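A.B. asks: Based on these hints, arrange chain G on the given structure of chain X.
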Amino acid sequence: MTPSQKFFKKIDEIEIKNVSKKYGAIIAVNQVSLKIIGGELLILLGPSGCGKTTLLRMINRLVETDDGQILINGQDVKSFNPVLLRKNIGYVIQQIGLFPHMTVKENISLVPKLEGWTEKEMNQRVKELLELVSLPPEQFLNRKPKELSGGQQQRIGLARAMVMDSPLLLMDEPFGALDPILRKQLQEEFIRVKEKLQRTIIFVTHDIEEAFRLGDRVAILRGGQLIQVARKNELLVNPANDFIADIVDSNKKFRHLDNLTIKDTMLPLEKKYIFQADETAQSAIQKMIEEQIEFGIVLENHHYKGAIKLNQLYANQEKKLKEISSQVSTYNSTDSVATALDDMKKNNNFIGIVMEDEPIGILLSDELLSRLI
Amino acid sequence: MILNVWKTQQLGIKTIEHLSMVFIALLIIIFIGISIGIFLYNRRNLSDVVLNILNVIETIPELVLLVILMPFLGIGFRPTIVASILYSILPVARNTYVGLTQVDQQYLESARAMGLAEKEILWHVRIPLALPLIAAGVRIAIVFTMGVVTLGGLIAAGGLGGPIQTGIHLYDKNIIIITGLWIGILAVMVDSIGSWIEKRLNRRYGYD
Chain X
1200 MTPSQKFFKK IDEIEIKNVS KKYGAIIAVN QVSLKIIGGE LLILLGPSGC
1250 GKTTLLRMIN RLVETDDGQI LINGQDVKSF NPVLLRKNIG YVIQQIGLFP
1300 HMTVKENISL VPKLEGWTEK EMNQRVKELL ELVSLPPEQF LNRKPKELSG
1350 GQQQRIGLAR AMVMDSPLLL MDEPFGALDP ILRKQLQEEF IRVKEKLQRT
1400 IIFVTHDIEE AFRLGDRVAI LRGGQLIQVA RKNELLVNPA NDFIADIVDS
1450 NKKFRHLDNL TIKDTMLPLE KKYIFQADET AQSAIQKMIE EQIEFGIVLE
1500 NHHYKGAIKL NQLYANQEKK LKEISSQVST YNSTDSVATA LDDMKKNNNF
1550 IGIVMEDEPI GILLSDELLS RLI
Chain G
387 MILNVWKTQQ LGIKTIEHLS MVFIALLIII FIGISIGIFL YNRRNLSDVV
437 LNILNVIETI PELVLLVILM PFLGIGFRPT IVASILYSIL PVARNTYVGL
487 TQVDQQYLES ARAMGLAEKE ILWHVRIPLA LPLIAAGVRI AIVFTMGVVT
537 LGGLIAAGGL GGPIQTGIHL YDKNIIIITG LWIGILAVMV DSIGSWIEKR
587 LNRRYGYD
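Taken in sequence, the protein lines are chains X and G. Counting from 1200, one number per residue, gives the positions in the first sequence under the numbering used here. Counting from 387, one number per residue, gives the positions in the second sequence under the numbering used here.
Please note: incorrect hints may appear among the correct ones.
Taking lysine-lysine and the DSS-like style, the derived pairs with C-alpha atoms no more than 25 Å apart in a straight line are [what the hints assert, rightly or not]: (1) X:Lys1312 - X:Lys1343; (2) X:Lys1431 - X:Lys1395; (3) G:Lys505 - X:Lys1304; (4) X:Lys1234 - X:Lys1221; (5) X:Lys1221 - X:Lys1277; (6) X:Lys1508 - X:Lys1545; (7) X:Lys1343 - G:Lys585; (8) X:Lys1205 - X:Lys1393; (9) G:Lys393 - G:Lys559; (10) X:Lys1508 - X:Lys1486; (11) X:Lys1304 - G:Lys585; (12) X:Lys1393 - X:Lys1544; (13) X:Lys1345 - G:Lys585; (14) X:Lys1277 - G:Lys505; (15) X:Lys1205 - G:Lys505; (16) G:Lys505 - X:Lys1312.
Hint data in this document are derived by calculation from the structure and do not stem from the laboratory. Everything numeric in this text was worked out from a predicted model, so none of it was measured.
So that you can see chain X by itself, here it is in the shape it has in the complex (with noise of 0.2 Å):
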């Protein structure tokens, strides 16, 4: 078998010119145009129904557009053969849709083995990705998507998607199922592989948070029509309309920065994330993998010692926890978001442990607040 045609090598740009969609009555989107910078990531960004998955899947074709062109680098994707121009386009889902029936190394696999690609290069192509993904190869290469954590299963869907080192991703809420620490944990990490790839990017949520960490611009939709597209700033400091203004200050915590305390802002400490000193990091591992976690805060006698990251266990299998865990930045519950948030950024950290006379809460790093700040 031949390999198929790549498309494109970079995206100079993507036209999106008057695209309409309609099912039956209802009109998913309508009269968008909008144009994509090569090399960006573009945020789309509305609640559930606004049109954004349908615009996203009329890039790839796997939704034809009823009225106007879509155009990558000025050639219409019509002119494509649809399941070609998908081989040139990765593209990530929510609910990630790992195949059950192969392995980690299958599912990256799969579309290189079809094309003819020989074992060493399927090889050394898997074990690339799955360290760019920060997954340890010999580890995961064989394990099947139900013996991995929800995180680890993005993980490999993000490597699955890039194995064809597409210019352009297409990534419909890839976090949006996640536990909210491991969703802060994936989003620090694929900034870092988004440097590193320099891809052009399309990424939908509805998440005005993750919208504001992850994006360049951010696109925001409303009943299928196209209301604001600018970089971040602008659109906090200068909101086209109400409904914008209102996405960006949904938050009652912005209406009361001031005296914000950290008590406010943070996630109360739940138990699944406690983790004993003298636990093994394998059954650490087991723990996490069961409540579709990542990180843990490892107490000794209810007192403070230190955190855990999924990552950094499996090369200690057979160490305690304690012997372990690493120092992360804590703050009195007391004190001001400002300052930890402040501080947070300073130190490069996304998440923080909240303290009274033992841990109560875990504070993630907040791109909206500190922006306002």
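C.D. replies: Frame of chain X, contents of chain G only:
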């Protein structure tokens, strides 16, 4: 007494005959059943008609089916195999069809999005994920086929139906009971092999 019946009725040889008929019939059933299932998946508008026809065949009593086939195929081995096939294709074809059409949307979506053609999706995603359901259909076919092959003994097909026939003619309770029990035990054994295979497939290809 058991040994006596076993010897005079040559139950050892008959068992081998019996199982080889079941085996041949099953191979053909699996092949035709899965083919029909895949064919219907490609022509979904025909699925109702074809599955209904197979359903009607299935409502004909086994004995009647054998008798209907005799004018065309004579007696013995051939009508028995054909009757088994006609009788058991439905569960295999139907389960194949249902298995192929009811694959979870997320797998189809990600397969399409990564650029697999419909044919590739069929081979690499739909068929593997349908295997546990297909195996369940084959298990039903095994039970049906054991029954039809036993009845085939009445029309000289050989196998374990023969000794039962002899027992009826001679009014010999022992032959009937021992052979009957033996057929029952065989059926349970064959079915547990089927169940073992189904479980393995489920572990390998099942959803959870």
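A.B. asks: Each hint needs a verdict: does it hold in this structure or not?
C.D. replies: We went through each hint and held it up to the structure:
1. X:Lys1312 - X:Lys1343: Holds. X:Lys1312 to X:Lys1343 sits at ~18 Å (cutoff 25 Å).
2. X:Lys1431 - X:Lys1395: Roughly 22 Å between the alpha carbons, so the hint for X:Lys1431 and X:Lys1395 holds.
3. G:Lys505 - X:Lys1304: Status holds; Cα separation ~22 Å.
4. X:Lys1234 - X:Lys1221: holds (22 Å)
5. X:Lys1221 - X:Lys1277: Holds, at roughly 18 Å.
6. X:Lys1508 - X:Lys1545: holds (21 Å)
7. X:Lys1343 - G:Lys585: holds (17 Å)
8. X:Lys1205 - X:Lys1393: The given pair, whose Cα atoms are some 21 Å apart, holds under the 25 Å limit.
9. G:Lys393 - G:Lys559: With Cα atoms ~16 Å apart, G:Lys393 and G:Lys559 stay inside 25 Å; holds.
10. X:Lys1508 - X:Lys1486: holds (12 Å)
11. X:Lys1304 - G:Lys585: The given pair, whose Cα atoms are some 24 Å apart, holds under the 25 Å limit.
12. X:Lys1393 - X:Lys1544: Roughly 19 Å separates the two Cα atoms, so the pair holds.
13. X:Lys1345 - G:Lys585: Answer holds: X:Lys1345 to G:Lys585 is near 17 Å, not above 25 Å.
14. X:Lys1277 - G:Lys505: Holds, at roughly 21 Å.
15. X:Lys1205 - G:Lys505: holds (22 Å)
16. G:Lys505 - X:Lys1312: Satisfied, since the Cα-Cα distance of roughly 15 Å is no more than 25 Å.
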